[in-house]
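A.B. asks: The residues making up each chain are set out below.
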Amino acid sequence: MKRRTLLQWAALAAADHAAAQASPATRAVPSSGERLPCVGLGTWITFNVGRDPPARAHCAQVMRAFFEAGGRVIDSSPMYGSAQGVVGEGLRSLGARQRVFSADKVWTGGDGAAQLEATHTEWQLPRFDLLQVHNLLAWDKQLPLLQKMKDEGRVRYVGITTSEGRRAREFEQVMRNQRLDFVQFTYNLLDREAERRLLPIAAERGIAVLVNRPFRQGDLLRHLQRRPLPPWAGEIGCASWAQFALKFVIGHPAVTCAIPATRRIDHVRENMGVARGPLPDAATRQRMAAYVAGL
Amino acid sequence: MTEWWTYGLTDFLMFSPQVYWRLVARHNMAWWPAQALALAATLALPALLRTGASAAQRGALLLAALAWAWVGWAFHWRLYSEIFLAAPWVALACALQALLLATAACVPLAGRGAPAPGPLGGILLAAALLYPLLAPLASRPWSEAEVFGFMPEPTALATLGVLAGSRAWPAWGRWLLAAIPVASLLLGAATRWLVAR
Numbered sequence: 001m002k003r004r005t006l007l008q009w010a011a012l013a014a015a016d017h018a019a020a021q022a023s024p025a026t027r028a029v030p031s032s033g034e035r036l037p038c039v040g041l042g043t044w045i046t047f048n049v050g051r052d053p054p055a056r057a058h059c060a061q062v063m064r065a066f067f068e069a070g071g072r073v074i075d076s077s078p079m080y081g082s083a084q085g086v087v088g089e090g091l092r093s094l095g096a097r098q099r100v101f102s103a104d105k106v107w108t109g110g111d112g113a114a115q116l117e118a119t120h121t122e123w124q125l126p127r128f129d130l131l132q133v134h135n136l137l138a139w140d141k142q143l144p145l146l147q148k149m150k151d152e153g154r155v156r157y158v159g160i161t162t163s164e165g166r167r168a169r170e171f172e173q174v175m176r177n178q179r180l181d182f183v184q185f186t187y188n189l190l191d192r193e194a195e196r197r198l199l200p201i202a203a204e205r206g207i208a209v210l211v212n213r214p215f216r217q218g219d220l221l222r223h224l225q226r227r228p229l230p231p232w233a234g235e236i237g238c239a240s241w242a243q244f245a246l247k248f249v250i251g252h253p254a255v256t257c258a259i260p261a262t263r264r265i266d267h268v269r270e271n272m273g274v275a276r277g278p279l280p281d282a283a284t285r286q287r288m289a290a291y292v293a294g295l
Numbered sequence: 296m297t298e299w300w301t302y303g304l305t306d307f308l309m310f311s312p313q314v315y316w317r318l319v320a321r322h323n324m325a326w327w328p329a330q331a332l333a334l335a336a337t338l339a340l341p342a343l344l345r346t347g348a349s350a351a352q353r354g355a356l357l358l359a360a361l362a363w364a365w366v367g368w369a370f371h372w373r374l375y376s377e378i379f380l381a382a383p384w385v386a387l388a389c390a391l392q393a394l395l396l397a398t399a400a401c402v403p404l405a406g407r408g409a410p411a412p413g414p415l416g417g418i419l420l421a422a423a424l425l426y427p428l429l430a431p432l433a434s435r436p437w438s439e440a441e442v443f444g445f446m447p448e449p450t451a452l453a454t455l456g457v458l459a460g461s462r463a464w465p466a467w468g469r470w471l472l473a474a475i476p477v478a479s480l481l482l483g484a485a486t487r488w489l490v491a492r
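Which chain is which? The protein sequence lines are A and B, in order.
If you read the first sequence in this note's numbering, its first letter stands for residue 1, the second for the next number, and so on.
If you read the second sequence in this note's numbering, its first letter stands for residue 296, the second for the next number, and so on.
No false leads were slipped in.
Derived list of chain A stretches under chain B, where covered just means 3 residues or more per stretch with a C-beta under 8 Å from a C-beta of chain B:
1. 40–50
2. 77–85
Simulated restraints on C-beta separations:
3. B/L482 <-> A/G33: 42 to 52 Å
4. A/R64 <-> B/V402: 58 to 68 Å
5. B/L482 <-> A/G109: 21 to 31 Å
6. A/R227 <-> B/W488: 23 to 33 Å
7. A/G33 <-> B/L304: 39 to 49 Å
8. B/R373 <-> A/R64: 28 to 38 Å
9. B/S434 <-> A/L190: 27 to 37 Å
10. A/S93 <-> B/S438: 19 to 29 Å
A few chain A positions that, by computed beta-carbon distances, are all more than 12 Å from chain B:
11. A28
12. A60
13. Q61
14. R64
15. D111
16. A114
17. R127
18. Q178
19. R179
20. P200
21. L221
22. R226
23. A233
24. G277
25. R287
26. A293
Keep in mind that the hints were calculated from the coordinates and are not lab data.
Beta carbons: idealized from backbone N, C-alpha and C, even for Gly.
The following block holds chain A by itself, in its conformation from the complex (with noise of 0.2 Å):
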């Protein structure tokens, strides 16, 4: 008896070393069948540090431990300040520019390729994965300039986004009128409105779905964290609030990626080990949200 238990211990030690070395569950670009890891980085805020060189190589570390972790997707604009060439100079001095999943925005009303120019410039990439049109703006200019782009091969995906469900009814509209690869909105464990119309149209459409604001920019676990987690976290995998809200958002089926952000190198590979292990089903949701909703 006690030898069998030691077995059995001896093979739950070795599942979870194998799980923790697994590569990140990984989900399905409808539009082409690419599979991207379901945990990606956002750069807002976090990464606008200036010209302050301390900083912008701590920002590259934080992207190394992103990338040693099998992450991927990095989500910038042009309205996050020094960002993208933050971004920029961290691909370069690790070497990284063939292994991001380059995504970043087209943020005026006025001349996008001008903007785009300089966004190459600023990520020295030649290429963008993804170019979408940041928060609507101009949709129906700069979304045509991104599809010719598209057609012509200078970049490999479109989209729009938005952010804390503003100018939801026109950002459906868009979606169902027009040809999208990506849509990028806010979704988490308080924001669920998704849940009802975008998340199910997306999914409808083929289209994936990239989702900002997952700790509502922090907010959301400043407000979890003063509680104790439910019983039945370790059940999915979840020993902190991060986790347990990082595996509602990615446990979604048409979540593709969530891209919180952040400039901790211990919360990136936390974030990175949620798409490791278990993702809770949709039972399991309600249950997380029913949770969170009651307290």
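Fit chain B to the given chain A structure using the hints.
C.D. replies: Using the frame of chain A, we list chain B on its own:
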């Protein structure tokens, strides 16, 4: 910007508190020990105003103009623009303020005496002089102290003090010259509140 009512102040904060205060420290370190000159200027302002002479008050206005020009270029244009997209516009406002103050300093004041400055000017100037103490009071290092002529808020406070004390100039003109400093203080207060959250 559609659905503008859905945006709060926090949506416009695009940098972390650590990055902001690191920027202030970098700014101070880049020009150290010139802050000593700035402190000397802060002490000179009430001395100039207390003389009651219009020539001395002109000198105070010119000193304030110089401070705005420096803050606009050295801080907003050169440094803050690294992390704050609106900083170049704020730098232009500083340049405008410098121009307005310099112009006011050169305007002839036919037949006007120079009444003694009241207490408000003294209070505002004292606030500008003591402003650097906010850093140690908030448990931040001295490298993050904000000094007149280097950072916007003490410069705005000192300017309002100069305007309050420059009674040789008509009140309407001084109110006009106070618009940009007041706006700067509001922007600074909003920024400080957001980074402290």
